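A.B. asks: Sequence order for the protein chains is A and B. Numbering-wise (my numbering), the first sequence opens with residue 1 and increments by one. Numbering-wise (my numbering), the second sequence opens with residue 1001 and increments by one.
Calculated directly from the structure, the hints in this document are not laboratory data. Quantities reported herein were computed from a predicted structural model and do not represent experimental measurements. One or more of the hints may lead you astray.
Claimed, not checked - Computed footprint of chain B on chain A; a stretch qualifies when at least three of its residues, placed anywhere within it, have a C-beta under 8 Å from a C-beta of chain B:
no., segment
1, 270-281
2, 305-313
Claimed, not checked - SDA-like, lysine to any residue: derived pairs with alpha carbons at most 20 Å apart:
no., chain 1, residue 1, chain 2, residue 2
3, A, 222, B, 1651
4, A, 316, B, 1673
5, A, 308, B, 1678
Glycine included, C-beta positions come from ideal geometry on N, C-alpha and C.
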Amino acid sequence: MQETMVYNEKIGKVIENINKVMIGKEDVATLSLVALLAEGHVLLEDVPGVGKTMLVRTLAKSLDCDFKRIQFTPDLLPSDVTGVSIYNPKEMEFEFRGGPILGNIVLADEINRTSPKTQSALLEGMEEKSVTVDGRTIPLEKPFFVMATQNPIEYEGTYPLPEAQLDRFILKLTMGYPSLQDELEILERTSKEHPIETISPVMTKNELVLIQEEVRNVYIEKNVQQYIVNLVRETRNHDSIFLGVSPRGSIALMKAAKAYAYIKGRDFVLPDDVKYLAPFVLTHRIILTSEAKYDGKTARQIVEQVVKQTFVPIRKDF
Amino acid sequence: MMSKLNKTNIPFIYTSILYLAGLLLFLEWLYPVEEVTDTAFIGIFIIYAFFCFFISLLQVKWWLSFILKGFGIFFILNGLYSTNSFWSKLWIQEFYTDIIYNIESLLARQWFDLSNMFRSLLFLFIIWLMSYLIFYWFVQVKRVMVFSVLTFVYITLLDTFTVYNADWAILRTFIIAFLALGLANVLKEIQKENLQTYRLSAKPLWILPLIMIVLFSSMVGYAAPKLEPQWADPVPYLEGVFNGNGIGGNGVGTVQKVGYGENDSRLGGSFVQDYTPVFQAYMKEDSYFRVESKDYYTGKGWVNSDRGDYVEQANGDITFETFSPNIETEEQHVRLEFDGRAFIPKLIYPYGTKHVVPSNENASFMLDEQSGEIKTQVDDREIVLANYEISFDKPTYPIDLMRKSETPTELDNQYTRVPPSLPDRVGELAAEITSGYDNQYDKVRAIERYFSGNGFVYQISNVAVPSENQDYVDQFLFDTKVGYCDNFSTSMVVMLRTLDIPARWVKGFTSGEKVQDNVNEEGDNLYQVTNANAHSWVEVYFEGVGWVPFEPTQGFNVPNSYSVDTSEEDDVLDAPEVTPPAPEHPEIPEQEAADAFNPSDSSQTKLEFTKVHGIILGVVLLILVGLLIWKRHQLRIYLLERKMQKRKDAATYQDAYHYVLKLLKNKGFQKEPDQTLREYATRIDSWYGSDEMGRLTADYERLIYQNNLSTIVDDELSNLWKNLIKRILG
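With the hints as extra help, turn the sequences into a complete structure.
C.D. replies: If you want it as structure tokens, here you go:
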């Protein structure tokens, strides 16, 4: 167990860092790390001002990684994301100038405000881990982690992400407002100097890649895999669900569970991990029926129902 | 999946109470069986019902339950009907033969040929099935209403149409049924609302109002004034419609088969004829065959006051005498050949028997001098002799001597006692009948003759069984006046006894049907005697003469010889040969007129013993099973612990861990199916205020979710496990 989890303690330090900046958001921080370690990407959906950007910046700053930020606007072009080839008169040739997507940690702010064309440029990079510019395919450097944010309130002039593309995000998180105590604490801490200025990197890029490697080696038993499949299949049969979770969703849930187990210091996955992560992994992958929507049900409620209906494995065949 | 989610978490104790209520209601169905039928084993059936219900309640594996209940049936049948030991091959053979015989009877639709054993078997099966059915009704679906209503209907019907008195039964049923209804409803609510009941079981205060309401309403109902019956008793009307000649409102009892039986303690009830041969007799003239007499009348039937010691009869010389050696006799012979189907391991002998030559040289004869019962034995085992020859002195009873005979004083009151409960009107009637006669002989004849008229009817169907508070003789003499030999002979004996004339009740066989004349060179006739010829009659003691047989039953003549002193004036009462009582029912020819003893299976010779024996064994078995069930946790824990120490493998640990889950579930902490082990362990630990479940669970998680089989059971783990179980059971 020990040799497979060399860098586990580093994770604790990262979370510690985030906690210094983000008050009372340990769960969101942990879940962001889950996505990072599972080599996935996160969609943060919340109203402005609750600290989405701050979370990503803190995370990026804790890791000794290249941090890029794209502010999506309606007039943003795909090349603004991926980069362009510019003619260099001195060298007498086109020279590729990489866009912000070439960073290690990319914050895609308000992703739903840009045109689908630009969105898909980002999404291609997320899925393929490479970008194509002028016919050239440029592989993206590892680690590559996108945190996209979107504002669910303003619909004017937005281009909501289609379900097929939402699928690319391993987790969808919300921040939520801080509690009274937490908000007072936030005021206290930020009154002089913003705490983000005080933190320093605690993990190198290489270490992160190695950790990702280790996460892949976290063990998952057959019965837990079965549990994941049962959960996913249940979404396909549920009365209130129009479109259930795809096998990509099963894979995502398994990867996330492994990462979560790793963060929790285990080299094997528990059903508890799966159960905890299921709402974050599955909610944005289902489409409710119209009836369910009119009844005021939310995807989150339905997923919780699915979890409640699925038996947890408590035996193993020896 | 849903069915598991629906599973109840109702504490076992409530389930048990509800099921017990079901059992008590079911027993209300069983109690009347004793009174309206002739079964003597109701106690055993009730024990079996308890046994079946107990096993069902424990919800053991179906095969175990099947084996236990089946074993119970075999055990009971063996105890009741077989003289062979339970484990012997003979018993299995006997059982098998009986089943085959009964299946043949069933196929031939000979319903009355079914043996008692088979009928008991079916009855036990019904009890078995009911234990399942009631478990389903009461415990699983919690529907109590239907069965309660059925019970009420059943009891009221029995109360109306049979001798069964359901006054208390209806009160019991009322209380039990309503308590069960209340409880079932509460439990249904608990189940529906998915309530946690472990708090409930600690202080079941909620049940108090229910008990109070039911008790209050039953007390009010019991004490409140009631209207007189609004309708006339429907029974006489119905019987008038169906029979034309009603037999009174005391119920018709059950239909039985006639035959020679052992148990005469409850007489009465109808029967059907059974012409299964018992023996063939080669003899010159008709004769009654005596088997034994009984001296103690209980008010319901006959028993022996004193089972005397049996005296071995040397060399086949029979020392039993019924009449004085002074009276005139004629030497005769009879040869009896028995049918293979008969089982009467006793000597069947004519009056005056002196010497027996059995077919089996080793046979010995054991005489009970009180009753004249002579057991036939070989090596201390009771057997039926295939045939034997008897030489006897046929007596000729001197009427003049009998008429002179005073009521004797030398006998103690053994033959003159009657039960204190005997209504006075029996004695008054006897006195009235005999008022015109001054000597014992004429009095006896007067009573004997009384039955040939005066509204008495010989009949084998629709014969009443006396109810709990009724006397058998009184019922016959005054209420029903319908019956067969048992009724007539018992009534005569009892009436004579009220006059202090010593009399006893005798059973045996008539000479049956003469099937052939002159079958051998000695000029013997061949008589065929069947079960239908089993008979009972009366013996009266005359000083200087001895015991003289008399025959009160209509349609029968005791083939006595009498000598009449011609110097005496002629008396019409003298010679019964001259004035045979004409059969009231000509459709029953004399030889076929049935003369049943209390019909019962002939293989009940050891009944009294096996009943007690069976009950004790059954109780011991029940206690053992109960103990096993009660201590099952300890047993299981011990076994699991042994296994863990020995094998130390993962599968054993899995079993051990799941056993903990099961114990916790019994305590009311059911793990929800969507709950992970960790969540569950947290809940348990917070309840018990410890961390043991969490530690145990962490180990178990590693076992079943980690690819690491090196987790073996060490002492620490098994101690943890034991402590936790102690805490749960503690």
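A.B. asks: Against the structure, test the hints numbered earlier, and report the numbers of the ones violated in rising order.
C.D. replies: none
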